[in-house]
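Novice: Sequences and hints are given; from them, build the entire structure.
Number of protein chains: 2
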Amino acid sequence: MAPVKNGRILFNDIPSGYSEPGKTTIYDESETIDLNNAPLNSSFLIKTLILSINPYLRDKMQDPKDYGFAPHFDMNQPIANFSVGVIVHSENKGVKARDHLYDTFPFQEYFILPGLEDSRILKNKEGLLWSAYVGIAGMPGQTTYTAWREYAQAKKGETAFVTAASGPVGSLVVQFAKTNGMKVITSAGSDEKVAFVKSLRADVVFNYKKTKTADVLAKEGPINVYWDNVGSESFNAALTNTAQRARLVECGYITGYNGEGTPVKNMAVVFGKEITLYGFHVSSFLLKYKDEFYCEIPARVTK
Amino acid sequence: MAPVKNGRILFNDIPSGYSEPGKTTIYDESETIDLNNAPLNSSFLIKTLILSINPYLRDKMQDPKDYGFAPHFDMNQPIANFSVGVIVHSENKGVKARDHLYDTFPFQEYFILPGLEDSRILKNKEGLLWSAYVGIAGMPGQTTYTAWREYAQAKKGETAFVTAASGPVGSLVVQFAKTNGMKVITSAGSDEKVAFVKSLRADVVFNYKKTKTADVLAKEGPINVYWDNVGSESFNAALTNTAQRARLVECGYITGYNGEGTPVKNMAVVFGKEITLYGFHVSSFLLKYKDEFYCEIPARVTK
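Protein chains in written order, with the working numbering: chain S, 117 to 419; chain Z, 117 to 419.
Some clues are possibly wrong.
Given that identical chains are not distinguished, each listed pair holds provided it fits within a single copy or across any two copies.
Said to hold, decoys possible - Subject to a maximum C-alpha distance of 25 Å in a straight line, what follows is the list of computed BS3-like cross-link-like pairs (lysine-lysine):
#	residue 1	residue 2
1	Lys325	Lys381
2	Lys271	Lys404
3	Lys163	Lys209
4	Lys181	Lys381
5	Lys328	Lys381
6	Lys181	Lys389
7	Lys389	Lys239
8	Lys325	Lys299
9	Lys181	Lys328
10	Lys326	Lys121
11	Lys328	Lys294
12	Lys381	Lys176
13	Lys181	Lys404
14	Lys419	Lys209
15	Lys335	Lys181
16	Lys389	Lys404
17	Lys176	Lys389
Don't read these hints as lab results, they were simulated from the structure.
Specialist: This is the structure we're talking about:
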C-alpha cells in the first residue's frame, strides 16, 4: 500500500488574546506514513480516533518566559492533549491491533508510540461512544469526581453554584451536587446550554450573557460551595454571596487564560467569611482515585 | 466615698476611611459611679486595667447595612474589645475581689458584670505583665497558635512570608515558623519594627514602605506559606511568588478595613499553582485549643 497523508496540527505562533486556528496553530499535511511498513522496533502504531479540545490548552501556548501552569507546547511541533486512539499494528506485547488507548497524544492522524507508559487500554465493555472517554469518562470526569470528593464537603440542604455548567466538568458537578441533596444554581453561555443543564435537574439555571450573575446569587444564595471554572465576574459575584465557611473549588479560570481576567475586588471576605479556596490540578489526584473512577463512572453513564 | 468619674469611649459616628478619635469615637465623662455602694445584685464590679486595640475593630464600625465580619458596635454605646479587668467587689460566688478577668469588655473605667459567662480568671502564676494577656497570651496569640497548627503544614526547609511581622500575631508566626525549620521572610512598616523582627531571628526583614514586597519575594521566594494579615499589594506579590501547593493563611485584611483595598489581579494562579487559601476567625478554634494554649504559651513567654 502506498504511503498516506499524515495530517498534524502544529503549534505555529504564541497567541496574544485568543488563539487563532490557521495562525497560532496550523494544519500540516506535508508528512506521509506507510501504514504497513513503518518501522516499529518493538513499539506500536496508533490511529487517532478522538481528540479533546480543553480550555487549558491555551495555557500551554504561553510564551515560555511567561508563567504557565502546564508545560508549554514546542514551536513547530504537534500540539497534544487527551485522546483516544486505536492500535493499527503492534510489536509490543502489552497491546494488540484493535486495542483502544487513552492518553495524552499528539494531534496527528497516525503516530508510533515506543511504549505504554501511562496509557490506559480502554476495554469499554459498557459500549460508550469513544468520545465519552475524553469527557465524562476521561480527564474532565476525573476532575469532578476527585475534587468534589476532596473538597466540596457537600451537605444536604446547602447551596452550590456551578459555572460553565453545561461542560463535561460542570455538568457532572451539577449531578453530584443534586445527588448530595444540595440546591444547585448554575450558569451557562447560551439558551441551548441552559436547556441541557435544566435537563440535569439543576434548581436555578441562567444564561450569564443575559442575566447578571451577581443578581441571581443575591436572590438565590448565599452559596456554600462554589465550583469555579471561569473566574473573573463570576468569581467576584460568588465571593460577595457566599455563606460563612463556604468552600470555593478553583477548578479553572478560563476568563484568565487569554489575558489577565477581571481583578477581584473583595478578597477581604475570604478572611471575613472564613472561606476556604482550593486550587487544584486533576493530575495530583489521578493515582488516588483512578481505579475507583473507572470502576464507577462508565457503568453509571450507561444507565 | 463620693461617686467617681466613669470615663467611657463611645461609638459616635460611622467612619468613611480611617476612624477618627474625637469624631467617630468620643471620650465621655458624663457618668459617675459610687464604687462602694453600686447595687451588685449577685453580680460583680470590675475596674478596667488593660484595653486592647485591634485592627478588626474598624470592621465593627461599619454601617449596619454594610457587610461586616464581626457584630457592629451600637451607636452612642461604649465600644468593646478584649480586656483585662480586676474585681473591685463581688457578690458572685465564682469570683472574689482582686481576681483578674479576661474577656470582651466595654471601653469603660468601671462596669458591673452580671455573670462570668465566657470570662477567664487569669491566675498569672507566671507573673507576666497583664498586657501580655491581650497580646501573645490572649486573642492574638491564640490566633497564631490555632491557625498555624490547623493550616500552615509547615515543613523544614520551606519558606514562609509573614506580613505585619512585628505585631502580636505576626511576631509569634515568625517564631513558630523558625521553630519549624523554615526560612522566614517578613515585612514591617518602620525601621524600629524591622529591628524588633530581626531580633526574632527572621531570615529576611524589610520595611515595605522603602522596599517593594514583590521585589523581595522574587529574590527570596518562592514561598510555601503566606501568613496574610494585610491583603492588597502584599497579597498580589505573594500570589505571584508562591511555590506549587502553597498554603495562604488569611488571618486579616487590614488594608481592606478602611475601604475596598487593592484589587487582586492574578487570582488565576490559585488554580494554576494548586494553592489553598484558608480564611478563618480565631473564635472558631477557641474551644478546640483553649486549654492547651493557656497551658503552653504563658509558660513559654516567661523563659
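Novice: Reference check for the pair Lys328 and Lys381, CA-CA at most 25 Å: within, between, both, or neither?
Specialist: Both, since 17 Å and 21 Å are each at most 25 Å.
Novice: With identical chains, the pair Lys181 and Lys389 could be close in the same copy or across copies; at 25 Å between alpha carbons, which is it: within, between, both, or neither?
Specialist: between (37 Å within a copy, 17 Å between copies)
Novice: Indicate which option fits the pair Lys163, Lys209 if close means a Cα-Cα distance not exceeding 25 Å: within, between, both or neither.
Specialist: So Lys163 and Lys209 pass the 25 Å test inside one copy only (18 Å; across, 86 Å).
Novice: State whether the alpha carbon distance between Lys335 and Lys181 is at most 25 Å within one copy, between copies, both, or neither.
Specialist: between (44 Å within a copy, 17 Å between copies)
Novice: With identical chains, the pair Lys325 and Lys299 could be close in the same copy or across copies; at 25 Å between alpha carbons, which is it: within, between, both, or neither?
Specialist: Classified as within; 22 Å inside a copy, 47 Å across copies.
Novice: When Cα atoms must be at most 25 Å apart, do Lys328 and Lys294 count as within-copy, between-copy, both, or neither?
Specialist: within (23 Å within a copy, 47 Å between copies)
Novice: Can you tell me if Lys181 and Lys404 fall within 25 Å by alpha carbon in one copy, between copies, both or neither?
Specialist: Neither: 33 Å inside a chain and 46 Å across chains, both beyond 25 Å.
Novice: Pop the pair Lys419 and Lys209 into one bin, within, between, both or neither, using alpha-carbon distances up to 25 Å.
Specialist: neither (34 Å within a copy, 68 Å between copies)
Novice: Can you give me the call for Lys325 and Lys381, within, between, both or neither, at a CA distance of at most 25 Å?
Specialist: both (21 Å within a copy, 23 Å between copies)
Novice: Could you figure out if Lys181 and Lys328 sit no more than 25 Å apart (CA to CA) within one copy, between two copies, both or neither?
Specialist: For Lys181 and Lys328, the Cα distance is within 25 Å only across copies (22 Å; inside one copy 36 Å).
Novice: At 25 Å max between alpha carbons, let me know whether Lys389 reaches Lys404 within a copy, between copies, both or neither.
Specialist: between (31 Å within a copy, 19 Å between copies)
Novice: Checking Lys271 and Lys404: alpha-carbon separation at most 25 Å within a copy, between copies, both or neither?
Specialist: both (23 Å within a copy, 23 Å between copies)
Checked against the numbered hints above, the structure breaks hints 7, 10, 13, 14 and satisfies the rest.
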